[in-house]
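Between the sequences and the hints, there should be enough to build the whole structure, so can you do that?
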Amino acid sequence: PANAVIAEAIGSSYLSDQNIVSTLSGRPTLIGWEGHERQWRGNQAYGVMAAGRTEALEEIYRYGMPDEVLATLDQFGIDYVVVGPNERNKYSLSSLEIARLDAMLERVFEERDVLIYARP
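The opening position of the sequence shown corresponds to residue 41 in my numbering, with each subsequent residue numbered one higher.
It should be emphasised that the hints constitute simulated quantities derived from the structure, not laboratory data.
Some hints here could point you the wrong way.
What the hints assert, rightly or not - Okay, the calculated beta carbon distance ranges per label pair:
id, residue 1, residue 2, range
1, G92, R152, 28 to 38 Å
2, I138, D57, 33 to 43 Å
3, E95, D119, 13 to 23 Å
Positions of the beta carbon are idealized from the N, C-alpha and C atoms, including for glycine.
Here you go:
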């Protein structure tokens with residue numbers, strides 16, 4: 041849907057291999073290119089806008105228990121969670137973390153090394 045929110049790893053400004061799904065689909069992501077967001081909003085506004093978002097991504101990708109992750113998805117209105125090369129690298133995702141995501145979210149897309157999960 042046009043208003044779907046996507047969780048992806050925080051990207052580095054102007055690197056075309058980061059935040060691909062949100063960039064190419066036009067769907068909002070939880071944080072996007074951190075430096076770019078800070079540049080356009082200014083440090084103070086960025087700090088308010090980004091509050092808790094980095095931690096939310098860590099929780100989703102690395103360590104959150106199912107009830108915590110689902111609450112975070114609800115809190116930020118996240119509909120889809122992307123697991124691609126950037127997420128695997130940034131969050132050091134192993135097969136255990138992928139299995140954790142499989143246990144709590146619905147896998148709706150798989151192509152090569154990219155997975156997309158939907159909030160149940």
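Verification of the hints:
For the pair G92 and R152, the supplied restraint of 28 to 38 Å holds, since their beta-carbon distance comes to about 32 Å. Between I138 and D57 the C-beta distance comes to about 20 Å, which lies outside the given range of 33 to 43 Å. The given range of 13 to 23 Å is respected by E95 and D119, whose C-beta atoms sit roughly 20 Å from each other.
Figure legend: structure checked against the earlier numbered hints; the only hint not met is number 2.
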